[in-house]
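Undergrad: Sequence:
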Amino acid sequence: MLLLCFMLLMGMLAACSGDEGAAGGDAEASDGNTVKIGALFDITGGTGDVGTPYSEGEKAYYEYLNSQGGIDGVQVELIGDDYAYDMAKGQRLYQELRDKDNVSAILGWGTADTEALRQQVANDQLPYFSASYSENLKNLEESPYNFLTAATYSDQGRAVVQWIKENHEGDNPTLALLYNDTAFGRSPIEDIKAYAAEVGVEVVDEQVIPVTATEAQSQMLNMQEAAPDYAIIQQTWGATATILREAQTLGIDTQFIGLNWATGEGVVEIAGDAAEGMLGVVTHAFPYEELEGLAEMEEYLESKGESLEDVSQKFVQGWVTAKIMAEGIGNAEELNGEGIRKGIEQIKDMDLGGLAAPVTFSEDNHAGTNQVRLAEVKNGKFEVITDYFSYED
1 MLLLCFMLLM GMLAACSGDE GAAGGDAEAS DGNTVKIGAL FDITGGTGDV GTPYSEGEKA
61 YYEYLNSQGG IDGVQVELIG DDYAYDMAKG QRLYQELRDK DNVSAILGWG TADTEALRQQ
121 VANDQLPYFS ASYSENLKNL EESPYNFLTA ATYSDQGRAV VQWIKENHEG DNPTLALLYN
181 DTAFGRSPIE DIKAYAAEVG VEVVDEQVIP VTATEAQSQM LNMQEAAPDY AIIQQTWGAT
241 ATILREAQTL GIDTQFIGLN WATGEGVVEI AGDAAEGMLG VVTHAFPYEE LEGLAEMEEY
301 LESKGESLED VSQKFVQGWV TAKIMAEGIG NAEELNGEGI RKGIEQIKDM DLGGLAAPVT
361 FSEDNHAGTN QVRLAEVKNG KFEVITDYFS YED
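So for the sequence shown, our numbering puts the first residue at 1; every next one is plus one.
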């Protein structure tokens, strides 16, 4: 870590004027004692059910980190706002963070806005961690400043298909795909179908269900006719709960498996006993697990008069994402976008104390991991049933 060198060079860097739009390379993004990180939150939009606790986890981690002295004495200023899952609002917020706030990196959110911003992010040299795990973000030619801190939706789906193939009893398994008509919902579908065909799992049905759906009877009746053994859900908590309730009402006995945003305490709270037996992809730990990495979080929450019982898995997910960004900042020789990108690329097998799979980045790879776990709802609670694995294992 050479943050001291950066602080000594601040005067010279401040005198150097770059491209007006390239805030990531602007020395004003940091004064040597503070590094500014921008954030796009979804609090009130279509994915606010999971976006709210995720954003709370991000904010909490940096508050905790600053209380512990920051990053080698450098404090983190997180500057963000609710863009309500609206791509146009997300674009405006990004530009404000870049031009007005002079941030050095971004913690983003959705798939559509993240993919739309890729070229700007690259031009502005702003490292970008999104909560979208779109496979498209692996492409370094198109996304040289985007990083994936968890398995992509496609890798999650491939892992589920591989698990089905290895664990199904009887004839060749059949599969349905349930997703919403957004960039997020559609993101892994073609990759899942291709991998299923490769390993001998037949996709027999697809149903499109809005991310804000409160009923899905017609779609579930259509799926019932296809009678799939399994159904992969690419949704957030609300629509997932709707699917499970409709399935219970119709007496459907398909095994439902949610990808990461469909999985978590919220779906159980909303769906009630209809969630029993659901399987879910676990990219980040539940706060009720016995894990070393929860100690810092517990310390922070206790300082607020709260406990781990007051937060959800999506809070953990936001906390971990912010923590990985802090590691990259700590590795940086300069606290600007280019310096932080290089710092992130130095992360090797980062131990997250069990809160997520270890992550590794490099100049040639911005996808930190393809490892996931699976959990099952038992007696109203997700219980992890596998170790970390990938479709390549």
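No lab work stands behind these hints, which were simulated from the structure alone. Do not take every clue at face value.
To be verified - Below, in silico cross-link-like pairs of lysine-lysine (PhoX-like), each with a Cα-Cα straight-line distance of 20 Å or less:
{"hint": "1", "residue 1": "K100", "residue 2": "K89"}
{"hint": "2", "residue 1": "K59", "residue 2": "K348"}
{"hint": "3", "residue 1": "K138", "residue 2": "K165"}
{"hint": "4", "residue 1": "K138", "residue 2": "K348"}
{"hint": "5", "residue 1": "K138", "residue 2": "K342"}
Said to hold, decoys possible - Estimated spans, in silico, between C-beta atoms of each pair:
{"hint": "6", "residue 1": "N379", "residue 2": "E215", "range": "23 to 33 Å"}
{"hint": "7", "residue 1": "G380", "residue 2": "G73", "range": "24 to 34 Å"}
{"hint": "8", "residue 1": "V384", "residue 2": "L250", "range": "44 to 54 Å"}
Here the structure is a predicted model, which is why all the values come from computation and not from measurement. Beta carbons: idealized from backbone N, C-alpha and C, even for Gly.
Undergrad: Taking the beta carbons of G380 and G73, is their distance inside 24 to 34 Å?
TA: 45 Å, violated
Undergrad: Between N379 and E215, does the C-beta distance stay in 23 to 33 Å?
TA: 27 Å, holds
Undergrad: Hinted pair, alpha-carbon criterion (20 Å max): K138, K348. Please report holds or violated.
TA: 17 Å, holds
Undergrad: Is the Cα-Cα distance between K100 and K89 20 Å or less?
TA: 16 Å, holds
Undergrad: Between the alpha carbons of K138 and K165, is the straight-line distance 20 Å or under?
TA: Violated, at about 26 Å.
Undergrad: Does K348 sit within 20 Å of K59, going by the straight-line distance between their CA atoms?
TA: 25 Å, violated
Undergrad: Quick one: are V384 and L250 within 44 to 54 Å, going by C-beta?
TA: 29 Å, violated
Undergrad: Would the hint linking K138 and K342 be met if the CA-CA limit is 20 Å?
TA: 17 Å, holds
Of the numbered hints stated above, those contradicted by the structure are hints 2, 3, 7 and 8, listed in ascending order.
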